[in-house]
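S.K.: The chain contents come next:
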Amino acid sequence: MTDFPRTPPRFSATFTPAVNAEIRRAAASGIYDIRGGGAKRPLPHFDDLLFLGASISRYPLEGYREKCATDVWLGTRFAKKPIHIEIPITIAGMSFGALSGPAKEALGRGATAAGTSTTTGDGGMTEEERGHSRLLVYQVLPSRYGMNPDDLRRADAIEIVVGQGAKPGGGGMLLGQKISDRVAEMRNLPKGIDQRSACRHPDWTGPDDLEIKILELREITDWEKPVYVKVGGARPYYDTALSVKAGADVVVLDGMQGGTAATQEVFIEHVGQPTLACIPQAVQALRDLGMHRKVQLIVSGGIRSGADVAKALALGADAVAIGTAALVAIGDNDPRWEEEYRRLGTTADAYDDWHEGRDPAGITTQDPELAARLDPVLAGRRLANFLKVMTLEAQTIARACGKSHLHNLEPEDLVALTVEAAAMARVPLAGTDWIPGRGSGGY
Amino acid sequence: MQSYDLAEGSLRALNQALHDLKGLTNMTDWEVLNPRGAHAIAAGLDAPVTVHVRGSTGYYCAGMNKQATVHIHGSAGPGVAENMMSGTVIVEGDASQYAGATGRGGLLVIKGNASSRCGISMKGIDIVVHGNIGHMSAFMAQSGNLVVLGDAGEALGDSLYEARIFVRGSVKSLGADCIEKEMRPEHLALLEELLRRGLADHKARPEEFRRYGSARRLYNFSIDNASSY
Numbered sequence: 001m002t003d004f005p006r007t008p009p010r011f012s013a014t015f016t017p018a019v020n021a022e023i024r025r026a027a028a029s030g031i032y033d034i035r036g037g038g039a040k041r042p043l044p045h046f047d048d049l050l051f052l053g054a055s056i057s058r059y060p061l062e063g064y065r066e067k068c069a070t071d072v073w074l075g076t077r078f079a080k081k082p083i084h085i086e087i088p089i090t091i092a093g094m095s096f097g098a099l100s101g102p103a104k105e106a107l108g109r110g111a112t113a114a115g116t117s118t119t120t121g122d123g124g125m126t127e128e129e130r131g132h133s134r135l136l137v138y139q140v141l142p143s144r145y146g147m148n149p150d151d152l153r154r155a156d157a158i159e160i161v162v163g164q165g166a167k168p169g170g171g172g173m174l175l176g177q178k179i180s181d182r183v184a185e186m187r188n189l190p191k192g193i194d195q196r197s198a199c200r201h202p203d204w205t206g207p208d209d210l211e212i213k214i215l216e217l218r219e220i221t222d223w224e225k226p227v228y229v230k231v232g233g234a235r236p237y238y239d240t241a242l243s244v245k246a247g248a249d250v251v252v253l254d255g256m257q258g259g260t261a262a263t264q265e266v267f268i269e270h271v272g273q274p275t276l277a278c279i280p281q282a283v284q285a286l287r288d289l290g291m292h293r294k295v296q297l298i299v300s301g302g303i304r305s306g307a308d309v310a311k312a313l314a315l316g317a318d319a320v321a322i323g324t325a326a327l328v329a330i331g332d333n334d335p336r337w338e339e340e341y342r343r344l345g346t347t348a349d350a351y352d353d354w355h356e357g358r359d360p361a362g363i364t365t366q367d368p369e370l371a372a373r374l375d376p377v378l379a380g381r382r383l384a385n386f387l388k389v390m391t392l393e394a395q396t397i398a399r400a401c402g403k404s405h406l407h408n409l410e411p412e413d414l415v416a417l418t419v420e421a422a423a424m425a426r427v428p429l430a431g432t433d434w435i436p437g438r439g440s441g442g443y
Numbered sequence: 444m445q446s447y448d449l450a451e452g453s454l455r456a457l458n459q460a461l462h463d464l465k466g467l468t469n470m471t472d473w474e475v476l477n478p479r480g481a482h483a484i485a486a487g488l489d490a491p492v493t494v495h496v497r498g499s500t501g502y503y504c505a506g507m508n509k510q511a512t513v514h515i516h517g518s519a520g521p522g523v524a525e526n527m528m529s530g531t532v533i534v535e536g537d538a539s540q541y542a543g544a545t546g547r548g549g550l551l552v553i554k555g556n557a558s559s560r561c562g563i564s565m566k567g568i569d570i571v572v573h574g575n576i577g578h579m580s581a582f583m584a585q586s587g588n589l590v591v592l593g594d595a596g597e598a599l600g601d602s603l604y605e606a607r608i609f610v611r612g613s614v615k616s617l618g619a620d621c622i623e624k625e626m627r628p629e630h631l632a633l634l635e636e637l638l639r640r641g642l643a644d645h646k647a648r649p650e651e652f653r654r655y656g657s658a659r660r661l662y663n664f665s666i667d668n669a670s671s672y
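Order-wise, the sequence lines are chains A and B. In this text, residue positions in the first sequence follow our numbering: the first is 1, and each later residue adds one. In this text, residue positions in the second sequence follow our numbering: the first is 444, and each later residue adds one.
Hint data in this document are derived by calculation from the structure and do not stem from the laboratory. In this text, a Cβ means the ideal position worked out from N, Cα and C, and glycines have one as well. There may be inaccurate statements among the hints.
Unchecked claim - Listed next, with one range per pair, are the computed distances between beta-carbon atoms:
hint	chain 1	residue 1	chain 2	residue 2	range
1	A	D349	B	E636	52 to 60 Å
2	A	K245	B	K646	25 to 33 Å
3	A	K191	B	G555	34 to 42 Å
4	A	E265	B	E650	47 to 55 Å
5	B	Q510	A	D375	35 to 43 Å
6	B	E636	A	Q177	57 to 65 Å
7	A	E393	B	R659	47 to 55 Å
8	A	D288	B	A460	33 to 41 Å
Work out the full structure, taking the sequences as your base and the hints as a guide.
M.R.: This is the structure:
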């Protein structure tokens with residue numbers, strides 16, 4: 001036999017080892033893959049944008065001498081008591097149930113120390129978070145677990161959740177492992193069942209009903225509280241416009257990188273739009289209605305740094321919200337637990353089986369022993385540190401662009417590194433004046 | 444009796460006056476004239492007062508009610524007594540969709556018919572309907588009691604948790620995981636009490652009802668039940 005060079009093994013770009021592994025897993029188990037977190041696939045994102053900085057035609061602000069303000073008012077449209085946050089970064093809604101009590105407390109402590117708000121989740125308001133959060137946003141979700149008028153009145157703002165970026169069009173899911181006695185009692189469910197929350201609200205359908213629902217919530221709270229409407233990144237132009245029409249004070253827009261406690265992998269990776277693509281559509285809707293800056297826009301989904309904050313604001317958002325980044329800041333996926341991640345068949349920074357309730361970091365669990373690993377005071381301080389660093393980073397960029405408030409950042413300060421990002425963000429491709437799609441008639 | 448005319452005053456002023464009653468229990472009897480389908484009338488009350496609404500209401504009348512008795516002398520729009528915590532809401536006429544949705548306590552009495560999704564996601568409320576109820580009623584109902592003197596529409600009790608459903612008439616169809624269950628003596632006693640509180644003891648006897656509840660097959664996901672979802 002002639003000793004020719006052999007053809008090296010060639011993997012299919014379609015049937016990759018990961019794809020084949022999922023086919024085998026599905027065939028063996030008969031159930032779809034469920035996990036936590038947001039989209040993990042590569043997507044056009046803020047990394048594909050760059051700031052131009054000052055030059056001869058723009059002059060910068062002195063880094064340590066000239067003020068660059070960061071505060072935001074939310075709910076100025078209708079609420080008697082709009083809320084004022086010192087930094088344009090809020091903590092996104094995450095439930096007690098999905099997260100442990102100490103984790104919720106840590107989020108409240110960190111947000112409060114940094115001068116911003118935190119948010120409840122699907123499961124009601126706990127004393128841990130109300131007690132440790134100076135500004136707490138109370139979510140009204142389709143399940144209405146734990147919903148009651150007393151918590152509405154002691155909240156600082158109300159967020160009607162229509163969708164979330166990880167699963168626009170999907171309901172909640174909390175598997176039996178995490179339905180402890182306390183979670184079961186708060187949600188009025190039998191212990192240990194797989195909780196299925198509805199994807200539609202039980203008492204309204206469509207924007208006309210939503211307007212009346214908002215009226216009811218305002219009446220119950222004597223028009224004091226800002227009312228947010230949270231939507232997943234599905235059709236941001238129309239969802240934003242309809243939220244404004246329905247009377248929202250604030251629109252919260254969550255792109256597909258936004259996390260969830262537990263959802264089907266196929267949902268997370270294949271439904272919704274990237275955050276980068278969502279923002280300009282929502283801002284366009286606000287501008288078309290003459291409501292930009294009057295109805296505030298909070299953007300979430302993959303915000304990780306001050307650069308991301310600055311870019312989101314430059315594209316027209318009033319503030320951002322962080323979820324996954326906040327969990328990482330308080331200790332999620334920390335390599336210090338590597339040995340335990342390995343035992344769970346994963347590794348630090350890749351652990352996403354949050355629904356199983358076995359989180360070594362004690363965050364996405366209801367196991368008292370695991371939950372006790374998280375020191376809420378220390379974790380809160382870490383979150384406050386992280387929020388402050390993000391703010392300093394955003395200020396650094398804003399000053400370099402000559403802006404005295406983060407809100408003065410604008411699309412003109414940005415260029416895109418890729419054609420895709422240029423088209424989605426509606427800023428020019430670097431080195432050109434080309435914005436793909438401009439002049440096509442928009443939406 | 445305090446009387447408030449919605450033809451002259453605003454909804455906001457009415458609700459504010461009712462909210463301000465907390466602790467001021469000497470003004471316990473109220474009347475609202477000319478509701479004319481306004482939304483959110485008497486929503487968010489938290490005082491042991493009685494409010495008579497003389498006419499029909501829009502959406503969410505008596506929403507999230509605590510303690511108060513709200514008596515609607517007409518028909519009620521969608522979401523009457525939604526998320527009620529305690530107290531009593533009585534509708535003399537018919538009720539639209541989602542009556543008593545997500546209610547956590549108290550008693551809702553509908554003397555006419557209720558439309559679709561009556562008692563959807565109920566969490567402890569008791570609902571007594573003297574007439575019929577529409578489709579998808581008690582969908583994902585978690586706890587509490589739904590009593591229907593007439594007939595029930597399609598998909599009754601779909602994806603039900605621990606709520607109890609009693610129907611005197613026919614049931615067009617049962618939803619996923621909802622089954623008929625044995626009526627034991629404790630259920631007859633419970634029903635007798637519910638009929639009395641629901642102002643219906645002169646219209647029906649407990650023995651005339653059938654009981655429906657969860658088969659609990661969908662409580663933990665099994666691929667073999669996938670077609671039920």
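S.K.: Indicate, hint by hint, whether the structure satisfies it.
M.R.: Cross-check of the supplied hints:
Roughly 58 Å separates the CB atoms of D349(A) and E636(B), a value that falls within the hinted 52 to 60 Å. For K245(A) and K646(B), the Cβ-Cβ distance of about 45 Å falls outside the hinted range of 25 to 33 Å, so the restraint is violated. For the pair K191(A) and G555(B), the beta carbons lie near 38 Å from each other, so the given range of 34 to 42 Å is met. For E265(A) and E650(B), the hinted distance range of 47 to 55 Å is satisfied, since their beta carbons lie about 52 Å from each other.
Q510(B) and D375(A) have their C-beta atoms about 41 Å apart, which keeps the hinted 35 to 43 Å range intact. Taken as a hint, the range 57 to 65 Å is violated for the pair E636(B) and Q177(A), whose Cβ atoms sit roughly 38 Å apart. The given range of 47 to 55 Å is respected by E393(A) and R659(B), whose C-beta atoms sit roughly 52 Å from each other. Between D288(A) and A460(B) the beta carbon distance is about 39 Å. The supplied range of 33 to 41 Å therefore holds.
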